[in-house]
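Trainee: Letter by letter, the chains look like this.
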Amino acid sequence: MAIKTKESDVSNLTFEEALEKLEKSAEALKKDGYSLEDAMKNFEEGIEYYNYCNKILTMAKQKIEVYNKNQ
Amino acid sequence: MAIKPIKVSQLNGYIKRVLQSDPLLGNVSVIGEISNLKYHGTGHVYFTLKDENSKLNCFLPYENLKDIRYELSDGMQITVNGYIYLYERGGSYSLNVRDIIIEGTGNLSIAFQKLKDKLKKEGLFDEKQKKKIPFFPKKIAVITSETGAAVQDIIKIIKSRNNIVDVLIYPCIVQGPNAAKEISNSIDEVNRLFPDIDTIIVGRGGGSIEELWAFNEEIVARSIFASIIPVISAVGHETDFTISDFAADVRAETPSAAAQMAVPDIEALKQYINSEVMQLNHSIENYIKYLEIKVQSNNIETLKINLENRININIIKAENLYKNLENLVKQKFSSYESVINNYKTTLDAFNPYNIMDRGYAAVTDEKGILVSSIAKLKKGDFLTAKLKDGEIDCKIEYIRRIN
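Just so you know, the sequences run in chain order A and B. Here the working numbering is used: the first residue of the first sequence is 1, the next is one more, and so on. Here the working numbering is used: the first residue of the second sequence is 1, the next is one more, and so on.
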């Protein structure tokens, strides 16, 4: 249940926000003085942000259109 | 043919009709230098156009001023288009201005500088007003000529970097008398019709200062400034600076550079997030390894070994202490030994039996006490004489005193 809510939270983020959170997770794990629970939580969240960023970066659906002012 | 005298107003009225019915004077272009430029409180502009020999009063009504593409300045060489108008009450005529054309780099530079100073003073270029260009836009609009080189360059760069962002090309003429109005309207329209656009690129490829002039016009600068969507201005080449550039949130040196700023490179981003996730994996592995080592260092086997080690260390310590003690005792003993031996030597030296070898005897009384004087002896006492190899019990017969 809890994980489900978190997932929907992630997909509400912009790419920039998710990237920033991924960076923070990676940075936080480098530091000392973490409990195992915190470290695992951090890691799992980081992976989630990564997956989300990756999903955005791999969904190529570009649209290039010319606006028709007379339409 | 003489006519009868008429009133001043009748004459002026007549001249007005003559002047204003003349086809040439109804649409005339005049070249001259601006002097006595005055912006009136009503919004109208008055100035004198002059050449080396003559002067012409000019009137630029407020409703025409907004169509003038240049900031005017005394000393500027201009071409004025308009019609001759007679002001009946003052009996003076002037050129009523419809349009003004400015040519030549020198004159245009003056107009450029004047507008730049004016808008700067108004705060249109303030750094604190600049919006941040979104790092990861979903949709961007490109306001430029549909047929120009700029649009091709921009699309090429965007496609090479990013296959996610949507691009809306918003066609618009970018040079000529109507360009500024169209560019300005396009910026306003994109803001109104496409509020989901993240970034606007407005610009064009290289050209002469006259060709780029639309981007030096006030209405374009004002629309850029008013845009809620962040604007990148990309006009001409690296060396071309326009008023639009100053009013925009960011100036790009060229349209290609604008495209580069507007969208992130997806491949580079993929690499970056992969390196971040590797870091994440690496960190958690290290952390878990560290915890494993910590756990292992606390199991029963290790504790046992640690305890045994400690016991062994203490045993060795005790043994060493014992050895030290032993040595100390031995030393003590040997030092006593040597003391005793010394006494022995002394004793040997004074051994009374030694002199018995030479014929002396030791005399003791009945209690075994050595007798060294005859003072307390008397006849009949028993004495014992100790010799080298035995004793003789004796009875005193006679005592001879030596004086």
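Calculated directly from the structure, the hints in this document are not laboratory data. Quantities reported herein were computed from a predicted structural model and do not represent experimental measurements. Hints should not be assumed to be uniformly reliable.
Said to hold, decoys possible - Listed next, with one range per pair, are the computed distances between beta-carbon atoms:
(1) A:Ala60 / B:Gly106: 18 to 26 Å
(2) B:Gly207 / A:Asn68: 20 to 28 Å
(3) B:Ile101 / A:Asn68: 29 to 37 Å
Claimed, not checked - Under the rule of at most 25 Å between Cα atoms (straight-line distance), these lysine-lysine pairs were calculated in the BS3-like manner:
(4) A:Lys63 / B:Lys38
(5) B:Lys38 / B:Lys116
(6) A:Lys41 / B:Lys289
(7) A:Lys69 / B:Lys114
Claimed, not checked - Far from chain B by the CB rule (all over 10 Å, computed), these chain A residues:
(8) Asp9
(9) Val10
(10) Ser11
(11) Asn12
Cβ coordinates follow ideal geometry from the N, Cα and C atoms, glycine included.
Trainee: For the pair we were handed, Lys38 (chain B) and Lys116 (chain B), check the Cα-Cα distance against 25 Å.
Mentor: The hint holds at about 19 Å.
Trainee: Quick one: are Gly207 (chain B) and Asn68 (chain A) within 20 to 28 Å, going by C-beta?
Mentor: Holds, since Gly207 (chain B) and Asn68 (chain A) (Cβ atoms, about 26 Å apart) stay within the stated range.
Trainee: Verify the CB-CB distance for Ile101 (chain B) and Asn68 (chain A) against the hinted window 29 to 37 Å.
Mentor: With a Cβ separation near 33 Å, Ile101 (chain B) and Asn68 (chain A) satisfy 29 to 37 Å, so the hint holds.
Trainee: Taken at face value, is the distance from the CA of Lys114 (chain B) to the CA of Lys69 (chain A) at most 25 Å?
Mentor: The hint is violated at about 34 Å.
Trainee: Does Asp9 (chain A) clear chain B by more than 10 Å, comparing its Cβ with all Cβ atoms of that chain?
Mentor: holds, 18 Å
Trainee: Taken at face value, is the distance from the CA of Lys38 (chain B) to the CA of Lys63 (chain A) at most 25 Å?
Mentor: It is violated: about 52 Å lies between the C-alpha atoms, which goes past 25 Å.
Trainee: Checking one constraint from the list: CA of Lys41 (chain A) to CA of Lys289 (chain B), max 25 Å. Satisfied?
Mentor: At roughly 17 Å apart (the allowed maximum being 25 Å), Lys289 (chain B) and Lys41 (chain A) satisfy the hint.
Trainee: Per the stated criterion, does the least C-beta distance between Ser11 (chain A) and chain B lie above 10 Å, as a non-interface residue requires?
Mentor: At about 14 Å from chain B, Ser11 (chain A) clears the 10 Å cut-off, so the statement holds.
Trainee: 18 to 26 Å was suggested as the range; check whether the CB atoms of Ala60 (chain A) and Gly106 (chain B) agree with it.
Mentor: Distance hint for Ala60 (chain A), Gly106 (chain B) is violated at roughly 51 Å.
Trainee: Going by Cβ atoms, does Val10 (chain A) stay more than 10 Å from chain B at every point?
Mentor: Consistent with the label, Val10 (chain A) stays out of reach of chain B, its closest Cβ about 14 Å off (over 10 Å).
Trainee: Does the no-contact call for Asn12 (chain A) survive, Cβ to all of chain B over 10 Å?
Mentor: Check passes; 14 Å lies beyond 10 Å.
Consistency with the previously given hints fails for numbers 1, 4 and 7, ordered from lowest to highest.
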